[in-house]
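A.B. asks: Throw the hints in and build the complete structure from the sequences for me.
Read off the chains here:
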Amino acid sequence: MSTNTTPKHGDPAVRPGVGGFLQVKDLRVHFPTDDGVVKSVDGLSFNLERGETLGIVGESGSGKSVTSLSIMGLHPAGTAKISGQVVLNGDNLVGASPEHIRKLRGKNMAMIFQDPLSAMHPYYTVGHQIIEAYRVHNSVSKQVARKHAIDMLDRVGIPQPGSRVDEYPHQFSGGMRQRAMIAMALSCDPELLIADEPTTALDVTVQAQILDLIRDLQQEFNSAVIIITHDLGVVAELADDILVMYAGRGVEYATAHEIFTAPQHPYTWGLLGSMPRLDRERTERLRPIQGTPPSLINVPSGCPFHPRCTYAELNGGASETDRPEFVEISPRHFLACHLSERDRQRVWDNDIKPTL
Amino acid sequence: MKKIRMRAMGAAGVALALGLSACGGGTSTKTAGGDAGSTTKAEFNAGLTTVFNPSEKKGGIIKFADEAAPDTLDPGETYYGYSWDFVRVYGRSLTMFKPAPGKASAELVPDLAESLGVPSDGGKTWTYKLRKGVKFEDGTDVKAADVKHAVLRSTDKATFPNGPAYFEAMLNLPKGYKGPYKSKGMNTDSAITTPNDSTIVFHLMSPFAGFDYLAQLPQTIPVPEAKDTGAKYKNHVISSGPYMFASYSPDKSYTLKRNPNWDQATDPNRKALPNGYDVQLNVNAEDIDNRLISGDLDVAIAGTGLTAASQSKVLSNPTLKARTDNPTLSRNWYTSINPTVKPLDNIECRKAIEYAMDRTSYQTAYGGAFSGGDLATTIMPPTIPGYQKFDLYPAGADNKGDVTKAKEALTKCGQPNGFATNIAYRNERPKEKATAEAFQQALAKVGIKLTLKGYAKADYFSSYAGNPPYVKANNIGLALNGWGADWPDGFGFLSQIVDSRVIRETGGSSNTSVRIPEVDKLLDKAVNELDAAKRNAMWGQIDKRVMEEAVIYPGVYAKSLLMRGKNLTNVFVNESLGYYDYMALGKP
Amino acid sequence: MIAYIIRRLLAAIVLLFVVSIITFSIFFVVPRIAGGTPETLATRYVGRAATAETVHLTAERLGFYDPMTVQYANWAKGIVVGAEYDYGAGVERCPAPCLGYSFITKQPVWPDLLDRAPVTASLAIGASILWLVAGVATGVLSALRRGTIFDRAAMGLALAGVSLPIFFTGLVSLAFFSYTLGWTAPGGQFVPFTENPAQWAYSMILPWITLAFLFSAQYARLTRAGMLETMHEDYIRTARAKGLRERNVVIQHGLRAALTPILTIFGLDIGLLLGGAVLTEKTFSLNGLGKYAVDGIVSQDMPKIMGVTLLAAFFIVIANLIVDLLYAVVDPRVRTQ
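Residue numbers (this note's numbering), protein chains in the order written: chain A, 1 to 356; chain B, 357 to 944; chain C, 945 to 1281.
You may find that some hints are simply not true.
Stated by the list, open to error - Below, in silico cross-link-like pairs of lysine-lysine (DSBU-like), each with a Cα-Cα straight-line distance of 35 Å or less:
| hint | chain 1 | residue 1 | chain 2 | residue 2 |
| --- | --- | --- | --- | --- |
| 1 | B | Lys534 | C | Lys1050 |
| 2 | B | Lys499 | B | Lys583 |
| 3 | C | Lys1050 | B | Lys583 |
| 4 | B | Lys531 | C | Lys1050 |
| 5 | B | Lys540 | B | Lys499 |
| 6 | B | Lys488 | B | Lys459 |
| 7 | B | Lys809 | B | Lys768 |
| 8 | B | Lys801 | B | Lys787 |
| 9 | C | Lys1050 | B | Lys787 |
| 10 | C | Lys1021 | B | Lys538 |
| 11 | B | Lys419 | C | Lys1050 |
| 12 | C | Lys1050 | B | Lys608 |
| 13 | B | Lys669 | B | Lys454 |
| 14 | B | Lys540 | C | Lys1050 |
| 15 | B | Lys922 | B | Lys414 |
| 16 | B | Lys588 | C | Lys1050 |
| 17 | B | Lys828 | B | Lys763 |
| 18 | B | Lys538 | C | Lys1050 |
| 19 | C | Lys1021 | B | Lys534 |
| 20 | B | Lys414 | B | Lys613 |
| 21 | B | Lys588 | C | Lys1021 |
| 22 | B | Lys900 | B | Lys877 |
| 23 | B | Lys813 | B | Lys787 |
| 24 | B | Lys499 | B | Lys588 |
| 25 | B | Lys745 | B | Lys805 |
| 26 | B | Lys608 | C | Lys1021 |
| 27 | C | Lys1021 | B | Lys540 |
| 28 | B | Lys881 | B | Lys900 |
| 29 | C | Lys1050 | B | Lys499 |
| 30 | B | Lys419 | B | Lys459 |
| 31 | B | Lys459 | B | Lys890 |
| 32 | B | Lys789 | B | Lys809 |
| 33 | B | Lys538 | B | Lys588 |
| 34 | C | Lys1021 | B | Lys583 |
| 35 | B | Lys613 | B | Lys922 |
| 36 | B | Lys540 | B | Lys480 |
| 37 | C | Lys1050 | B | Lys613 |
| 38 | B | Lys813 | C | Lys1050 |
| 39 | B | Lys491 | C | Lys1050 |
If you're looking for bench data, these hints aren't it; they were derived computationally from the structure.
C.D. replies: Shown next as structure tokens:
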């Protein structure tokens, strides 16, 4: 739980891949299969400080979960070819020995998963699983670990933790289960917490509670949090910065406020436009992004979004041939798009903003 | 493998016995055969007519193994051939077959008795004098009353339903006698009297010349009445022989040790060489063969021979083959030709079958020359005294059938193109089915078409092949059959299969096809002939007469392939018993 | 929980009762339907020399003239109260539970069963421990190394184990290991555990290995399939995310979950095997319940058949009960009543 003197949020000197508690630089994760190489993540860069929350947003297949698993080193050996850099507190995890990374898992970086019922072992009590997580990295007696487990359950807001510690996962309700999983993940005070779709499997009312809990715990432990979701509403609540991913790459990166008030990428426009709105007429149809997600084996040439982009022809063919660079277009706002600033502004003002 | 079950007389034998007429004359029990030779060279059949590896050395424990468990160790009820062999180690009956190889074993010699029985009253009464100084294992003297008790208890068929039934059929027992347990106190002197402690007299209902053969049955082994525990007696049989039971675990094993109260001076037949016997029960048959070959085991007590799997291994290995013997048994696997089924009522049609059949295929169906048997041309096997070698229907130089002669016979009986009939066999016996198929193939060559009909073994004789109305109604022209005598003598062999009077309209007898009045008369005459040589000659005559009638097709004289234990001395086949003589073996 | 067990045990008793009635009926009713009489039934238990009178006496002694309900009632009564047996020279008391006297050997059946049960139990329990350990270990390794030479070789060997008949592997093992090399005991050398544990183990080692070879195939395949399934579950990923050593992940998390169906089958297999491993017992000349059953069936010895059937049914029922209870112990999700 120590604080360290890293550049603070909002500091213009901070760039993705340069400096920071967690730095991901040009991460590529390829899976060789019989059908070809699946390029799940193909050149991703971002960074994150302690105490900050990064939201990673994208469709299924955009590479969000693969990214988080790669950071944690959870791809089975031999399945993934990982290149680039993932530097956690000065320690490059790409290419490090599996044993080295194992020791970090659970202790320095932890992860909570989407479905807590299947993510917890059905045959062991919740207490046992938390104690197990704790004793891997701390050599203490069972009694001490048990007390710690009860503490954690209390911290995450589970009533009567002294008796619930001996219950099985199936005896908890959905929301309580997710709290218990959070307790398990945080039992060793990790500096980095990755939450992969933590509320997708929960009721809406419970969702809010869990998100509040994550925010509270982050403030208490000063952890860096990555929250992965396809739900923009979730990141609006929680994230300081948002990274939009498409086809294994980052297409836009900015503060949450900027993403919602001044998005610059056609894909982001599409995402925002496709959100169902309560303040609209119900008879209006939903507006999905036209087309389907691309194959990660045969990624479209040039800009991977170009087959679905309404504005691709404005770039004089560059969208089909050249891959757009992920560049900083304004302080702390990065974009990968061929559209000229002028075209972008015009489209935003005329076509997009009025409809949101 | 199946054990060779000895056949017995049955109710019909009673009728036969009652039909005998009185006869006179003295007994003569000497048959051909002097001193047996001996050899120490291990070769095939070394133990058949000579004693292999003779020795007088004492010591050692002989290890036996049985693939099942004995029917019983009680001499009053046991009915398995190999048990009759082994029982002589712990029991002495009045007479026994001479423990010698080859034809010498056909001779009966006195065991518990001083000499063979003395007949009187034309053969209706038989007197035996017991040797002096014979004691039970507990030191008490063996008395004539003990032999009387042994014979009487064996007649209690409620307690001992499985044993031979000759005594109760022939002895003049009082009416309503239920055996010594249930009819305690009843006076049985009408059947057996004991004028003194060493004399026993048997009184028969009708004369029977061959009583010395009955006297060698284990049922005459003495049983002390005070220690007789009925159906439990088999758990500890009181020994009168050179060895006594040291332990008995039913279904597992039993061991014998020396009987300190046995006196060599009273026993010229036994040498009692080993220090004891160790018999293991319920051992896997193939395992037995492997251990016999390796020397881990000395004797396979069941005496049925090597299993088919081991045979090919042994016969193809000269060293192993040199350790085997291939005795001929007192058993004939034959086929009945039924004259009650048309057109087999005509003798020429029957002769056609005798000529047409391929003898070698019969042998092959039964397992070949080693374990199937020798080609048979007579009903009695060569082991029966009185056997005459003749061949009335030669089947060609190669023994595969004489088609020409068969066709001639067919023409003579008015069926030049053959005819059709059925052939019956027992379903549980694959060898019989194979033989039926062999018949089918061979006879087809002369136009005789056979249809196979399989029946359950349990009722084969009572309801089907042995049931005359059924045979006639269902055209059972041929029926697979077989017979093994309880002891090698013409009476034991022939009476149940060639006497027309054993055939019952209600079914049940092994004789399905022989109805020759001349033969019946000859049988009666022979049973009453007290001169053994004359008697034996009559059996040969009967054999030939039946064969002339062509109502039996003799198939093969059964054989078995036995292996000698590696470390044994005095190994030879007792031809009368059909196994190695277990009593004579040594293992120093 | 206690109430549940008691209910199950009562149901078991009813089941044993039903099994005994069915066996009894097959034995007596079927021949009756085929036109059999007490005499034809009795002919199975007399020698070839039997006269009609002997058959009649035997039928009487064995109670075939009584109505079948009476015969069954007598037999059942013997189990509860005991019976008396006339052995010719006297009468003997057969204490409860008296399962009758063999028609063929005239020995009481219950002591026979007691004598043979330890042999079968030794065989079943020893072999089952071996095959469980060998099968599960092989299955786990195969699943972890799926597709490699080890996996293919292990599954190939497993296939051989389940395909080769036990009388073949048994006899070959005996011939090679016992008679040629002299390393193991020859057939039929069983010594009770209470008498000499070392000798007991020595006499059983080859039958154990041979029988285990046959069964471990099934368990290797089951474990492999189960492991392949569980190792893809989310909780495995969570376990790794916690930083657990891979060994702990595989065994405590993966295998633990995959073990449930295996334990079920294990319990049932032992239950069946305790009723008699017929082929193994015959091959190795072990005097167990299997051999006893076969002897009884071949010689149509009703008391033997009834005795073994009842005992075997009992073992299976108990095994089922234990497996059901074990399931609740192993999988907490099942426990909610």
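A.B. asks: Hint by hint, say whether it matches the structure.
C.D. replies: To see whether the hints hold, each was checked on the structure:
| no. | hint | verdict |
| --- | --- | --- |
| 1 | Lys534/B / Lys1050/C | 19 Å, holds |
| 2 | Lys499/B / Lys583/B | 14 Å, holds |
| 3 | Lys1050/C / Lys583/B | 19 Å, holds |
| 4 | Lys531/B / Lys1050/C | 28 Å, holds |
| 5 | Lys540/B / Lys499/B | 19 Å, holds |
| 6 | Lys488/B / Lys459/B | 30 Å, holds |
| 7 | Lys809/B / Lys768/B | 28 Å, holds |
| 8 | Lys801/B / Lys787/B | 22 Å, holds |
| 9 | Lys1050/C / Lys787/B | 33 Å, holds |
| 10 | Lys1021/C / Lys538/B | 27 Å, holds |
| 11 | Lys419/B / Lys1050/C | 27 Å, holds |
| 12 | Lys1050/C / Lys608/B | 16 Å, holds |
| 13 | Lys669/B / Lys454/B | 34 Å, holds |
| 14 | Lys540/B / Lys1050/C | 22 Å, holds |
| 15 | Lys922/B / Lys414/B | 17 Å, holds |
| 16 | Lys588/B / Lys1050/C | 8 Å, holds |
| 17 | Lys828/B / Lys763/B | 25 Å, holds |
| 18 | Lys538/B / Lys1050/C | 18 Å, holds |
| 19 | Lys1021/C / Lys534/B | 29 Å, holds |
| 20 | Lys414/B / Lys613/B | 13 Å, holds |
| 21 | Lys588/B / Lys1021/C | 24 Å, holds |
| 22 | Lys900/B / Lys877/B | 14 Å, holds |
| 23 | Lys813/B / Lys787/B | 13 Å, holds |
| 24 | Lys499/B / Lys588/B | 22 Å, holds |
| 25 | Lys745/B / Lys805/B | 31 Å, holds |
| 26 | Lys608/B / Lys1021/C | 30 Å, holds |
| 27 | Lys1021/C / Lys540/B | 31 Å, holds |
| 28 | Lys881/B / Lys900/B | 16 Å, holds |
| 29 | Lys1050/C / Lys499/B | 29 Å, holds |
| 30 | Lys419/B / Lys459/B | 28 Å, holds |
| 31 | Lys459/B / Lys890/B | 18 Å, holds |
| 32 | Lys789/B / Lys809/B | 9 Å, holds |
| 33 | Lys538/B / Lys588/B | 16 Å, holds |
| 34 | Lys1021/C / Lys583/B | 32 Å, holds |
| 35 | Lys613/B / Lys922/B | 22 Å, holds |
| 36 | Lys540/B / Lys480/B | 26 Å, holds |
| 37 | Lys1050/C / Lys613/B | 26 Å, holds |
| 38 | Lys813/B / Lys1050/C | 25 Å, holds |
| 39 | Lys491/B / Lys1050/C | 29 Å, holds |
Checked against the numbered hints above, the structure violates none of them.
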